[in-house]
Amino acid sequence: MDCKKVLIVDDEKSHRDIVRASLKGKNLTIRELTSGKGFHETIEAFQPDLVLIDFQMPIKDGITLCQELKKYDQTTPIILLSSELNREMEQSLKEIGVSDCWSKPLTPAQLKEKLSHWIC
Amino acid sequence: MKLQLANEDLLKFVQATLNALSSHIAILDHDGKIVAVNKAWSEFAQHNGFTGDDYGLGTNYLHICQGAQGKNSEEASEVGTGIRQVMQKNVDAVELKYPCHSPTEKRWFTVKISSFELNEATWTVIAHDNITKRELAEQQLQASQAELQELNANKDKLFSIISHDLKSPFHSLMGFAEIFSNDLTDYSLEDLQEFGTHIYTATKNLYGLLDNLLQWSQIQTGKMDYNPVILDISTVLTNVISLQQGNAFQKNIELLHELKPYSWIQADTVMMQLIFQNLIANSIKFTEPGGSVRITSTITNSFVELNVIDNGIGISSDQLGKLFRVGKQVSTLGTAQEKGTGLGLILCKELVEKNSGQLQVNSTLGKGTKVQVQFSLAEPSEPIE
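Residue numbers (our numbering), protein chains in the order written: chain L, 1 to 120; chain D, 1 to 385.
Keep in mind the hints are simulated off the structure, nothing from the lab.
For every residue, glycine included, the Cβ atom is placed at its ideal position computed from N, Cα and C.
This list has only true hints and no planted wrong ones.
Taking beta-carbon pairs under 8 Å as the criterion, some of the chain D residues facing chain L (in silico): (1) MET174; (2) GLY175; (3) ILE179; (4) PHE195; (5) HIS198.
PhoX-like, lysine-lysine: derived pairs with alpha carbons at most 20 Å apart: (6) D/LYS251 to L/LYS13; (7) L/LYS4 to L/LYS26; (8) L/LYS114 to L/LYS4; (9) L/LYS60 to D/LYS322; (10) L/LYS60 to L/LYS37; (11) L/LYS13 to D/LYS167; (12) D/LYS155 to D/LYS223; (13) L/LYS114 to L/LYS5; (14) D/LYS223 to D/LYS349; (15) L/LYS13 to D/LYS204; (16) L/LYS5 to L/LYS70; (17) D/LYS155 to D/LYS167.
Distance windows between CB atoms, simulated: (18) L/LYS60 to D/GLU288: 19 to 27 Å; (19) L/LYS37 to D/GLN245: 29 to 37 Å; (20) D/ASP225 to L/LYS5: 51 to 59 Å; (21) L/ARG31 to D/SER376: 52 to 60 Å; (22) L/GLU41 to D/SER242: 43 to 51 Å; (23) D/LYS322 to L/ASP73: 32 to 40 Å; (24) L/LYS60 to D/ASP191: 24 to 32 Å; (25) L/LYS37 to D/TYR207: 27 to 35 Å; (26) L/LYS94 to D/VAL229: 57 to 65 Å; (27) L/ILE96 to D/LEU151: 33 to 41 Å; (28) L/LYS37 to D/LEU243: 33 to 41 Å; (29) D/THR203 to L/ILE96: 31 to 39 Å.
Could you put together the complete structure from these sequences and hints?
This is the structure in structure tokens:
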């Protein structure tokens with residue numbers, strides 16, 4: 001798998017920084033968004049190979065963003081991160097086309113391990 | 001053993017039996033006229049100022065019910081309809097519950113309407129029962145059920161806050177702590193400083209949340225110390241404002257006050273500090289740099305009104321409606337992405353009410369918010385020079 005570009009959507013800078021730190025040393029282009037604002041434009045212009053979205057964000061939450069993206073892009077893998085995951089939620093997220101759901105908190109080592117399945 | 005009685009004795013026997021019952025009983029003829037009443041009926045009539053002869057004997061009860069005016073006329077008309085239905089044999093019996101409050105006490109009754117046939121005529125039995133005790137017990141039960149539901153909702157809210165807001169800072173704490181415990185050569189000094197700031201912010205948020213949760217649970221369980229004293233609220237507020245000046249300065253927000261001196265109220269000093277710390281910090285949080293937060297007071301006849309007014313981002317009317325509902329309100333990030341707990345305002349309102357005050361929030365989205373707190377004025381404990 002030849003994945004090079006990652007888009008992180010999270011309203012908390014510290015959480016974006018952890019993901020960034022976990023991906024340190026890998027030859028990747030990372031772009032960050034603090035909300036759903038400009039999400040579609042970024043997808044169009046950046047063409048990410050992987051999208052990481054936080055579940056709970058003001059204005060537009062992670063699920064809404066996933067649903068919107070799935071309307072015009074069925075191939076880009078989306079991973080949703082949340083501190084409130086349960087089996088029922090996971091099931092419905094998978095149904096709307098989310099590739100994977102990860103439960104927070106995650107340390108950089110755990111993130112690195114999980115991300116390695118998605119990024120070469 | 002079968003009872004064998006002469007007609008006269010039988011009448012006495014029936015009357016004595018009816019008199020022994022606690023229900024207020026009247027028998028109506030086919031027109032609705034009262035032909036017999038029991039002792040409970042007579043006594044009730046007497047106690048309730050019935051002026052007619054023989055406690056209603058000979059009166060047409062059906063007409064009274066159907067022609068009732070004013071208080072309880074609706075219920076009386078329903079009873080009238082019930083009597084007619086039973087008389088016409090549309091139904092075997094009718095049972096209705098109705099309030100019948102006296103000037104001194106609240107009372108509830110049921111009325112059972114049934115009929116029997118004798119000597120080719122239909123006789124209707126009206127039996128009123130005082131069910132006030134049962135009704136009050138039912139109301140008490142409903143109230144405690146509602147209270148339990150509310151407590152349960154509070155508990156759910158607590159769990160939801162714990163699951164999200166308490167877990168979220170740990171994502172930063174664990175993540176960056178792990179980075180610091182490993183090889184740091186991959187990171188620049190700026191990176192590491194940034195990571196340190198994240199740990200500091202996460203710890204501060206976590207502590208703030210824990211503090212709010214503990215205070216809230218203390219109020220909920222009635223364990224918070226409450227020592228009301230006569231205090232000058234303008235002095236308490238001036239102190240709180242000076243403590244918040246640093247916060248305002250950092251965010252380039254002007255923090256002003258126009259307070260009437262010597263505004264004496266009876267309240268708990270610590271609770272007053274908590275209320276206004278929270279309210280002023282909230283206003284700073286939801287105001288853009290360059291904006292202002294004003295704390296003013298006005299005194300009317302017997303009240304002091306304290307206002308925390310900002311020209312910040314305001315609250316939508318939809319959110320305004322949910323502000324004080326535990327489990328419904330949402331935490332919103334501040335203009336500098338400051339985290340909140342969603343509990344702060346609820347805490348303030350509960351503390352204000354504990355001190356016999358009132359708290360009101362008026363807000364326009366995009367224009368600003370005004371929080372108004374009102375307390376009754378008290379006599380100063382020491383004479384003012």
